[in-house]
Every structure is written in structure tokens, then in C-alpha cells.
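With the hints in hand, could you dock these two chains into one complex?
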Amino acid sequence: MKPVGMCRMCLVEVEGVRGFPPACTTPVTDGMVVRTRTDAVEKIQEGVLEFLLINHPLDCPVCDRGGECPLQDQTLAFGPGESRFVEEKRHYEKPIPLSNMILLDRERCIQCARCTRFAEEIAGDPLIDFVSRGDRTQVLNFAEQPFESYFSGNTVQICPVGALLARHYRFKARPWDLATAETSCTTCSVHCRGAVQSSSNRIVRLLGVDLDPVNHGWLCDKGRYGIDWVHADDRVREPHLRVGGELREVSWPEALDAAAGEIRKVLRMHGPGAIAVLGGARGTNEDAYAWARLAKGVIGTDHVDCQMGDGLPAEVVLGVRRAEIDDCDRAGAIVVLGPDPREEVPVLFLRLRRAAKDLGVPLFDCTPVGGSLAPYAAHVARRVPGEPVGADVVELAARTARERGGPLVVVAGRPSVAEAPDATVRSIAAFGALDGVDVRVLSALRRGNVHGALEMGLAPGFLPGRVTLDAGREWFTQRWGGVPAGRGLDADGILRAAAEGRVHVLVLLGADPLLDHPDALLARRALEGVPFVVAVDAFRSESAARADVFLPCTVWGEQNGTVTNLEGRVQRVARRVAPEGTAMDDWRIASELAYRLGADFDLATVDEVTDEIAAVAPAALGATAALVRRARDGVVLPLREHLGEIVVRTRGLSILAEEGAGTSWDPIRAGGAAPAGAPAASGEPAPRTRRRRPVPARTRRRPRTRSSTRTPRASAPPTRPRCTSGTVRQAGPPRPRVTRTLCAS
Amino acid sequence: MSFFTDANLARAREIVARYPSPKSAILPLAHLAQDQHGWLSPEAMEQIAELTGVTPAQVFGTCSFYTMFKLRPCGRLVVSVCTNVSCLVTGGPEILDHLERRYALDPDVTVEEVECIAACGGAPAMQVNYEFHERLTPELAEDVVDAYKRGALAPRTVSGARAGGAA
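Protein chains in written order, with the working numbering: chain D, 1 to 745; chain C, 1 to 167.
Next comes chain C alone, as it looks inside the complex (with noise of 0.2 Å):
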């Protein structure tokens, strides 16, 4: 059976296309088939693997040395706080723990902690679904999720694509 849905398995097929190697495609197949799936599986894996022609072993391998890869299921907003030198004298932290009290039974939000994400100029900094949110305060920080969970905000895939977006 397969993983993917028919159109994303036509979208496989195209990225695999795409390089010369076909081993090449086994990022963008995992980021496809994060999408669809809101985490990366173990069917998903094995399947890319076929695609890409390795074994599952290698598709594990390869995409377990990406954070950004779920390898089990997560909520579909990924909230990372940053808590790496600025944002930890800046109040990172305390957003943290804030924010993995505050969703810590709420399946829709996963909460990690992330090292350094390259918004220094605007610590304390996390983001959503890799959206960038800077200058928080713990109140301002579950503000920006809640607007998510609403429905007011528009969050990119789980993988940081913008919905409708190329992968």
C-alpha cells in the first residue's frame, strides 16, 4: 500500500526526476511526506526508500540527523523557543517553560527547545511552524499560539512550507 496520497506520489516521482541520482531526493520526499502526514513514519520512510532506491535503514539514517524531521508524531504547530546566549538573558527560558506548561496536555501544540535560530536582533525569538516571532514576553508568546490555534494566524506546514507552497 502505499504512503503517499496519488497526487503526492506524482509529486515524488517528479522530484526524484529531478536529479541525477535519485538518492538525492530522499530531503524533499521527507519534507513531502512530513506534510501530508504531519510527521515522518516509519511507512513514510520506507517508502521514500523505495522511491529513492536504498534501503529504510539509510532513509532513517539520513533523516534522523535533521532535528527538523519528526520521527514521531508531533502537534500540528511546532512551537521552538530559542534559549541559546541572547534569548537566555533576554527571558527565553521563561517563555519556555511558560509555554510547555501551558500546552504541555494540548495535542495540537509541541514545544521544543532549540538552539540558536538566528533572530539574536530580536531575542527572546521562537517560531512556529519556523515563522519567526521576536521580542516576547511569556504572556505575548502564548498570544502568538493561541492566534494559531484560532485560526487568526495562517501556520506554514510542519515542515516550515508555506501552505500550498513548493517543497
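Bound conformation, chain D alone (with noise of 0.2 Å):
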């Protein structure tokens, strides 16, 4: 937001300027000379305080704000320590609802247009502005309409005071009361930084903390105030077990072993292809990757999908030159094929809006009806619903790209389910086929971490780390004893199999075909077709209602591990409060079908999930659990490709993150604790030169069920796919067996 000069605590002495200009407002200059705790500088500063608390009322004991206030920190650190004010103070009705989430106080707002400048510079839905003047001034929504933002919780976060208030929020804690783990929004695929607060094993609140390369500090409101469904009373907190056709809650080796049993059962009667799984897009990458062990290297199916026929082909979102969020802003031109980036991936619109609006980047709105882009767009190409993008259009955009210089960005997702993603799959070929372009993809998908999930290679006709079946074959065999022997179906070709009685296990991992995918009809006919269905879920959707053995997952905030977004990027995301009743993480999950499946995975901690994605997955290579916790900005994959981009934490700051020690989202409280100048190492934490922790990446025992179908193992060592660094240990003497809890550590 740009400076405004509105609250004037910031006066300062500038040698040689008459009068005292505010600092925020006023240019350096050379040789400027500026003095800011002279004793004038200081009275003015009492002065201005003073002022500011006039009509400020003293309820902080009641206040949201109270304890992380800037104005109490200021009036601490600057104030004049008393006020000569005896009059009574302004009084307004408190609060008023401005929308149905955010309340305003209007006695405490102290008028520095924070949330205005947010509204209007920043979201561009200025639905608040100020009212009135003199001392009545008061920031106030009009009448007829409510501030209904999909950015409206920024403001509250911003707001110095406890003026604007999150209903949802509204005296649920004391500030000092709350612990904070540093994690990342996994409602959409964007992955915004935040900082997610919990009370007496709760979670209360989200809060946005500056990412640079992603979010910029924002959040929109479905992410920021969607956090509630954690604790709902609905989630499913115990396995269960269908017997006598009712779901009967049972104890987790019960359900385990039935769920084993199933499997073991189904794959010596019909082999591998008569199970499939659907979903995992969810879920962290940890737990993507150890599903992607078990159905692909343990049971040996390929039909395995973690989208739901809503998304765009495997091949195309591993296989196109993937564009970095932050290349928008320095991008030729930005092409948005869809959908709607602010109903889909909210603060992928802001900062879209932004490269259009503020840097001045060609933006072409070629989504089929438009949206909220249109007004920022440069030019505005709609296309026909189901028809790829024009020839003329490519053409232009190309042109525009070229005679700007810098990438051609093309934001490309489904803009609707109805369509087909052919349309979008042949725009983005279009753009691939021009010359002297370099033209890069921003992928659109909106599931939360769907990108992770393709990486870790659920989906059909991959394996982890972005590395088809076939030129991954040797080095997974090697590794993980086998995979599937040829490419298996996508969610469309599995529901249909289903339906036609050709799947006899279908494990959903958080999925709920009959809602989620475009042909619910033949959601439905394949979850009849189905005899056996394992839900992995945290609650009971439709199609999970349906399980034969129900296995109850942790969710956000639950969880730590990694996830990756859009473009590549992988950061933590972190636990904050222990899992309702016994759920456990899928990636454990996994691992206990895949013991009782005679594969044990030896993976006895996340972190250790993680390094071995990092020393398997060609992509990954060097993504090491140490790695992203010490990245400040995590870590974009492939690492070879992004060194330079890695931002290591110094030691301050990563006490900061992993024990919430502080807050990294106010940049006055977070002043004093951020020690200036982390040093941004380039190339600094290669992945050769990181230590991997001993753990042994391999399967130690053959599963007892292979199927006919996998591929021997090569008796010749075979060269990993893809990758250029990182070694991997071979597996040690072997451990002895570890009990296993089946409450997450």
C-alpha cells in the first residue's frame, strides 16, 4: 500500500526542511540528514499520541486487540504518559456489523485508513470507505451493501486497533494465551503463509504472515476463516467398520486388518487393476507420496487419481515449463485461460490484479465468461466454451511478450467443470508451440494440495517426483520393490471400471466422487458397483458414507509435513493442536496397510517421510525436511533449477517459526525480533551438501502380494530418471522391528 501519512506518529527532524515532515511520506535524499529522537521530535510524538487516544477508549481489557496492539506498543514505547484530556469521549454504538463476518467498533478507530487503502488499492472492492468528518469521522460500508470481500479479513489484521473485529474471533482468546506454529493455508492451491494460533487445543485463528514470493501477507477470508470445520462436531473421530451393513466403530487394527484383508483377498483373486484409488489431493505430500508407495509399489495398481475428472491431465501439469508466481510481475504478458482466479485461487487475483494494475503487465482475459480480472485486463479475448484460445490471440500475446521482454505467463486451470479440458490442454499447446517466447505455465488447479499429489505421482502413468512410469520403472523397482506394469485409469476410467464391476477395492483418500466429480450418475453407479470401499476421510461425505472400513485422517493443523502449491513450491505445514479422537495421518496410514500387506516402509516420523522423498523423487532431490524448515521462502522444484532463490532462515528467525516464539506478521512487533539482513543464500544449502538422515529408502521385505504383472527387478543397478544430484543410502543392516503406536507421535 502506498504511504499516506495518516496517523503522524512518524514525525521526524529533517535538517535544512522547515516544519516536521512524517517519515512514511517523505523521499530519502541524498545527503538528507533526519533526526528522530531529538526532544522535539519526542514532544511532538507525546503530542501526537495524545491526540490519537483523545477519543480512544480504555476498554483494552475487553478488546480483541488488547496485548498485540500497536497503539498500546506505541503508546508504551512513545506516549506521553498521561493525557490532560477529562472530557467525555466520542461515543458510538459497538459494533456494528459491516458484513456478516467483520464488526466495527467505531469507537476505537483512529482513523489511519488501513483498511480502506487495503480495500481499494490492494483487493480493488472498496466497499468501506470514510464517512462524515471532524470527530465523526468513521469508516462505514454503505448502506445497502454489506463489506462483503473475499478479502475482508486482511482488514482486520491490519487494523492498529481492536476497531475492526472478526466475528468468529470476538473474545475467543487473550493474544498471550495462544500458541503459534508458523504453517501454510492449504484451502486452496496457492499455500499463503500464516500463522495458525490455537487455545486450549483449538484452533481460533489464522493469520496471514508476509511470504513474499506468495501471498504478500494477505489471505482471503475462505482460508482465513475456514478453519473451524477442524473441531466440527461431525468429523469422524474413530475407525469404523461395516458390519451387518452398519458402520460400527471399531478398534484401528480391526480396521486395518479388514482393510488389508480385502486387499490381500482381492488382489490374489483379480490382481493389482482390481483396485483403485481416488484422491490424496488433500493430504500432505508425505501422505500423497506413502499412498503412492502402497498402491503403486506395494498392491502394484496404477489406477490411481487425485483429481476428480475437474482437473487437467497428469502430463500437462508435470510436463509444461512451470512459471513461478512472482514471474507475473515481471512478465511480458499474462494470459488467463481460468477460471476465475478470485473464486478459485483468491490471492493468485491479487497478485494478478497487482502485475496488471500496479507493474503495468499486458494482462489477456481469455476465459470463456470473464470474471473479475476483465477490469484490469488489456485486452479481453473470450473464448467459446469447449474452443481452445484463437490463433490471433496466441499470436498478439506473443508479440506483446516479445516486444516487452520477459516471460509469457499463462495462468491455466478448468474454467468450469462442464467444459472439457481439452480446450484448455490445447490453448496451453498453443502457447508451447511459439517461438522465441519463453513461455511458462501457472497452473490453476485449485485443490488444496493437488500439485503436491501429482508430484508424488498419484496419478496414473506417474511415479514421484515427476517422472512418468516407464523411465522411472528401474529406479522404483529398486527402491520400492515394483511398480505397476503398464498405465492404469484416471478417476473417469476408474468410476467407470467401477460401475462395470471391474474394481473391487476402491480406496478414497478424502474423496467424494458423488459430489466432486462432473458425472455424478456415474459417481453414483460406481460406488453401487464397488463391493469393498475404504474411506480415508475425515468426515463422513456422501461417498465415504458408503465405506466398508472407515479410516479417520488428521487435517490441517493437525498434521505437519510439506505440501507444495502451484508453482512448485514446497514449505511446511505444521502441527497446532493434537488430532481429534485417534485419527491418524494418512501417511501413516499407508504405511500400517502396507506392513499388514508384507511391505514395511520403516518410516517412523514425517521427517523421515520427507527425506525419503528427497533422496527417491527425481523432482524432489534434496527437498529434505531440514531443507524446507530452514528455508525461509521454502523451497521451488526441481531444486537445481532454483538455488539461487533459497532464503535460509538465521537462527533467530527459525526459533521464531518452529516454536512461535514471536510474531513475524506485525511488521512493529516483529520489528525488534527480525534480525536485519537474513542472509540469502544463494546455492548455499545444495542438496549434495546436506546431510540426509540414515534411513534406508527401501522396501525390506518383498510384499507377499505381488502381483503376476510387475515388472522383475533389473539385475543391473539401474540409473535413477531425471536427476543430477543427490545420493542415496542403501539400505543398512536392517532396523529392528518398531512397535507401532497407532496414536500420531
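Think of the hints as simulated: they come from the structure by calculation, not from any bench. You may find that some hints are simply not true.
In silico lysine-lysine, PhoX-like type, Cα no more than 25 Å apart, as pairs [claimed, not checked]:
(1) D/LYS172 to D/LYS222
(2) D/LYS2 to C/LYS23
(3) D/LYS357 to D/LYS2
(4) D/LYS222 to D/LYS89
(5) C/LYS149 to C/LYS70
(6) C/LYS23 to D/LYS357
Over 12 Å on every C-beta distance to chain D, these chain C residues come out as not near it, computed from the model [unchecked claim]:
(7) ASP6
(8) ALA7
(9) PRO42
(10) GLU46
(11) ASP143
(12) ASP146
Everything numeric in this text was worked out from a predicted model, so none of it was measured. Backbone N, C-alpha and C define an ideal beta-carbon position, used for all residues, glycine too.
The following block contains the structure:
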């Protein structure tokens, strides 16, 4: 946001300048001498604060902001100590709703204009503004139009006093009682950085944290306020087994044995092709990897798809040259094929809007129906739904990018599930065929960790690390003990096969095809046609209710691990609360099932899973738990192409992130804690120099349930596919079998 | 549904076209709307927002800054009585008090207290729809307002424009 000099707390003395200009609106000039702590400046600051406090109520004890209030902090640091104001303070009704989610206490407002400026400059929907004048000046929405912005929660976070309040957090906690962990929001695939806060083992708040390459500190309201479901009453907290037609609560061993038993039976009778896995875009990379290893390495089926027929083919997402979000800022041109980013990946909309409006990047709006970006588009080229972008538009965009210099960023997702993905794929291909332009694709698939799941191989024809089944066959056969013989079915194919009775066990990893698959009738027939459904979910969705075995899993906020966003950035998500009931991490469930199927993953902690991924998944090579933990902005895969971007946390910041000892989202509060000039260590944490945990990444025992369709293990040591660095420790002496606890550690 | 009458809508479009930035037309359009309707209603502000490409909240914010825009219904005669220093010592408050009582139940007349209206030479002074009347007593003031009510004096519009004059 541009500086406006509203609060006047930064008045300073500048040599040779009359009066006291506000520092925030005074550009630095050559040889300028600025004094910030002279007697005169201190007197002025005391005076300004006295004025700011004249009408500010003394209701700090019941104010949500009390304890994390910049006005309190300023008063403590620079205030006069006592007030000469003995008159009656201004009174308003407290608080009034600006929308369903945002409340306004006008008595506390100090008219800094942060909220109105955010709404206008950043979000582009100025539904609030200053109203009236003098001491009656107040921020208000228009009578008939509530402050219903997709980004309204940010105004609550940046409000320097307790004037703007979030209805769901009001009176919930005192800030000093909150335990904080830095994490990423996984509501959509942008993965905005945030700080998740809990009180008494309940998540009460998510705050935006400034991650420069991704969210600039902002969150959308969907992500910020969509946190209550973690503790929802209808979470499934215990494993269930269908007994006599009804789901009954059972112990974990019973449920796992039942699922593994059925899988074993079907493997014996019908082979691995009768088992299919849907979903997996909800969890962490570790969850996705473990399930990919279970499905492809142990069971031997390639009928695995983390998308619900609502995304793009894995070949496209994994095969194109990926753009980073920051590429939009320096792009020669941006083409948006769909969907409407504000609806599906909201904070990406903020970045695109900024690039187009503030940075002058020409934006081509090529979505079929238009939407939020249209007002900022340099060119609007509506395409017919189902048709690719016209050749003239492709050429114009290419010419624009060439003339301006910089990459051509194509934002590509499905505009709607009613439209087949072909149009988007053909459009991407048209751009990809261009000569002399650096075309990069920003996948706008929206599911939380769909990109992580795709990278971990939860797609037909793929193995972890962006390698195809064929390219990775030797490598993974050696590490996993086997991979599927041939390419399997995608979600459409799986449901169709299921409807025809060819799938005997269907695993739903948080998938709800009845609700999410474009063809609901097909999904219904599929679920009716499958004799055995294993649901790994947190809720009894319509599809999961059909389960024969229900395995409750942990969710965001309850699990540690890494996730991968739409640009390929791997970041840590943090566990802030203990899981509900006996819910288990997905990766642990996969590991338990694998063990029962005769394969010991030998993974005891989530870091070990991360490290195994870093050791075996070609695109993720080197992205160890230790590296991701230390990299301030996460790491972008593949590492070798993005080493220069890694910023390693200093010790202080690292403590900040890991233990939540401080708050990095508020510049005033973080000012003292953040060490200046955290080193931008380019290339420092090169993967080859990092020490990996000595965890053997190999299946120790051959699965008992090997299928005949597996490729036999290659006799010669296979070469690693498409990877340039990193050494993989071979299996050491077998460790004694660890007794597994069923609760997450 | 359009708030502006057809004639005023055409006029509004013409006003918007006068400025390099349509946003600049908010104030003249607010005058136009107030003259048409007698006060500045939410519907009026919504249409002004539409015509100038801003949100209704921004029109509301702008218009609420100026006391000449009436955001609530008022009489067709707005009587502004000055009680600032010169008028204060020459009887302004008495005039205000008298008129407030006299027209308390009269829907045609809205009496308001205002700060200095730059007529100290003729204090005590008041405006009726922004037309000055000076050297008043409570009785004289009442006569003036009644003259407007009777039609003996032709009032300006609520926004202070001469009837038929430019906005």
C-alpha cells in the first residue's frame, strides 16, 4: 500500500526542512540528515499520541487487540504517560456489523485508513470508506451493501487497534494465551503462508504471514475463516467397520486388518488392476507419497488419481515449464485461460491484479465468461466454451511479450467442470508451440495439495518426482520393490470400471466423487458397483458414508509435513493441535496397511517420509525436511533450477518459525525480533551438501502380494531417471521392527 | 430502475463527460440528484456510483463529508441559522430557537444551526436554501420564511441552485 501519512506518529526532524515531515511520506534524498529522537520530535510524538488517544476508549481489557495492539505498543514506547483530556469521549454503538464476518467498533478507530486503502488498492473492492467529517469521521459501508469482500479479513489483521473485529474470533482468546505455529494454508493450491494459533487445543485463528514470493502477507477469507471444520462435531474420530450393513466403531487394528485383508483377497483373486485409489489432493506430500508407494509399489495398481475429473491431465501439469507467481510481476504478458482466479485461487487474483494494474503487465483475459480480472485486462478475448484460444490472440500475446521482454505466463486451469479439459490443454499447447518466447505455465488447479499429490505420483502413469512410469520403472523398482506394469485409469476410467464391476476395492483418500465428479450419475453407479470401499477421510461425506472401512485421518492443523503449491513451491505445514479422536496421518495409515500387506516402509516420523521423498523422487531430490525447515520461503522444485532463490533462515528467525516465540506478521512487533539482513544464501544449501537422515529408502521385505504383472527387478543397478544430484543411501542393516503406536506421535 | 428522470439522466451523462476522470462528477451529480429528489437518497448514491464507476460506499463517503448534501429527507426549505461569533452576540441563537419552535412540525421547513456563513457585516444572518437574509430578528426571520412558504419569495433549490439554473 502506498504511504499516506495518516497517523502522524513518524514525524521527524529533517535538517534544512521547515516543520516536521512524516517519515513515511518523505522520500530519502542524497545527503539528507534525519533526526528521530530529538527533544522536539519526542514532544511531537507525545502530542500526536495524546490526540490519538483522546477519543480512544480505555476498554483494552475486553478488546481482542489488547496485548497485540500497535497503539498500546506506541503508547508504551512514545506516549506522554498521562492525558490532559478529562472530557467525555466520543460514543458510538459498539460494535456494528459491516458484514456477516466483520464487526466495527467505531469508538476505537484512529482513522489510519489502512482498511480503506487495503480495500481499494489491494483487493480492488472499496466497499468501505470514510464517512462524515471532523470528530464524527468514521469508516462505514454503504447502507445497502455490506463489506462482503473475499479479502475482508485482512483488514482485521492490519487494523492497528481493535476497531475491526472478526466475528468468529471475538472474545475467543487473549493473544498471550495463544500458541502459534507458522504454516501454510491449504484451502486452495496457492498455499499462502500463515500463522495458525490455538488455545486449549482448539484452532482459533489463522493470520497471514508475509511470504514475499507468494501471498505478500494476505489471506482470503475462505482460508482465514475456514478453520472451524477442524473441530467440527461431525468429524469422524474413530475407525469404523461395516458390520451387518452398518458402520460400527472399531479399534484401529481391526479396521486396518479388515482393509488389508480385503485388499489381499482381491489381489489374490483379481490382481492389482481390481484395486483403485481416488483422491489424495487433500493431505501433505508425505501422505501422497506414502499412498503412491502403497498403491504403486506394494499393491501394484496404477489406477490412481488425485483429481476428480475436474482438473487437467497430469502429463500437462507435470510436463509444462512451470511459472512461479513472481514471474507474473516481471512477465512480458499474462494470459488467463481460466478459471476466475478470485473464485478458485483468491490470493493469486491479488497477485495478478497487482501485476496488471500496478506493474503494467498486459493481461489477456481469455476465460470463456470473464470475471474479476476483466477490469484490469489489457485485452479481453472471450473464447467459446470448449474451444481453445484463437490463433490471433496467441500471436498477439506472444508479440506483446516479445516486445516488452520477459516471460509469457499462462494461467491455466479448468474454467468450469462443464467444459472438457481439451480446450485448456490445446490452448496451452498453442502457447507452448511459440518460438522466441519464454512461455511458462502457472497451473490454476485449485485443490489444496493437488500439485503435491501429482508430483508424488498420485496420477495414472506417473511415479513420484515428475517421472513417468516408464522413465522411473527401474529406479523405483529397486527402491520400492516393484511398480505397476502399465498405465492405469484416471478418475473417469476408475469410476467407469467400478460401475462395470471391474474394481473390487476402491480407496477414497478424502475423495467425494458423488459431490465432486462432474458426472454424478457415473459416480453413483461406480460406488454402487464396488463391493468394497475404504474411506480415508475426516468426514462422513456422501461417498465416504458408503465405506466398508472408514479410517479417520488427521487434517490441516493436526499434521506436520510439506505441501507443494501451484508453482511447485514446497513449504512446511505445522501441527498446532492434537488430532481429534484417534485420527491418524494418512502416511501412517498407508504405512500400516503396507506392513499388513508384507512391505515395511520403515518410516517412523514424518520427517523420515520427507527425507525419503528427497532421496527417491527425482524432481524433489535434495528437498529434505531440514532444508525445507530452514528455507524461509520454502523451496521450489526442482531444486537444481531454483537453488539461487533459497533464503535460509537465521537462527533467530528459525526459532520464531518453529516455536512460535514471536509474531512475524506485524511489522511493528516483529521489528525488534527479526535480525536485519537474513542472508540470502544463494546455493548454500545445495542438496549434495546436506546430510540426510540415514533412513534406508528401500522396501526391506518383498511384498507377499506381488502380482504377476510386475516387472522383475532389474539385475544391473538401474540409473536414476532425470536427476542430477543427490546420493541415496542404500539400506543398512535392518533395524529391529518398531512397535507401532496407533496414535500419531 | 433508474433513479434519475430521463432528462436528468441525460444531463448526468453530459456532466460525467465533462471530466477526464468520471469520479470527478460525483459532487455535481449529487447536487443534481438532490435537486430532483429533495434529498440524497441511497438509490441516488447507487446510481451516481454506477455512472462514475466507483462503489456506493465511496459516493456515500464523499457526500457525507459535505453538510449541504442531505442524507435524510428534509423540507423543501432549508433554513440555516448562523450562531457563530458575530451572530452569537447579535441574537442568532434566539432566532434559531424561535424558528425551531415555530417550524418544529412543519414538513416544508427544516431549520439547522450552521457555523459562520461569512455574513458578519449583516449579523445576525441566515440562509434559506442558501439565499442570504441579514439583520434579522426572530419575527423578521419568521416573516422571511413565511414569504417563501406563501410563494412571495421564489426559493432556490435545496442545493442552492437558482430554479432552472446550472447545477
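- Query: Does the structure keep D/LYS357 and D/LYS2 at a Cα separation of 25 Å or less?
  - Reply: 14 Å, holds
- Are D/LYS2 and C/LYS23 close enough, with their CA atoms no more than 25 Å apart? Distance of about 20 Å is within 25 Å: holds.
- Query: Holds or violated: is the Cβ of C/ASP6 farther than 12 Å from all Cβ atoms of chain D?
  - Reply: Non-interface label stands for C/ASP6: nearest chain D Cβ at 24 Å, farther than 12 Å.
- Query: Any Cβ of chain D at or closer than 12 Å to C/ALA7, or is the non-interface label fine?
  - Reply: Holds, since 26 Å exceeds 12 Å.
- Message: For C/ASP143, is the shortest CB-to-CB distance to chain D above 12 Å, so the non-interface label stands?
- Response: 34 Å, holds
- Message: Is the claim that C/ASP146 lies outside the interface with chain D correct, judged by CB distances over 12 Å?
- Response: Fine: 33 Å to the nearest Cβ keeps C/ASP146 off the interface.
- Message: Just to be careful, I want the Cα atoms of C/LYS23 and D/LYS357 compared with a cutoff of 25 Å; is the pair within it?
- Response: Roughly 18 Å separates the two Cα atoms, so the pair holds.
- Under the criterion that the straight-line Cα-Cα distance not exceed 25 Å, is the pair D/LYS172, D/LYS222 satisfied? 19 Å, holds
- Item | Status of the stated non-contact between C/PRO42 and chain D (beta carbon gap over 12 Å) | 5 Å, violated
- Item | Distance restraint between C/LYS149 and C/LYS70, which requires alpha-carbon spacing of 25 Å or less | Since the Cα atoms of C/LYS149 and C/LYS70 sit roughly 20 Å apart, the hinted pair holds (cutoff 25 Å).
- Query: Are D/LYS222 and D/LYS89 close enough, with their CA atoms no more than 25 Å apart?
  - Reply: 37 Å, violated
- Message: Verify this label for me: C/GLU46 is non-interface relative to chain D, using a Cβ-Cβ cutoff of 12 Å.
- Response: 7 Å, violated
Violation of the numbered hints given earlier is confined to hints 4, 9 and 10; the remaining hints are satisfied by the structure.
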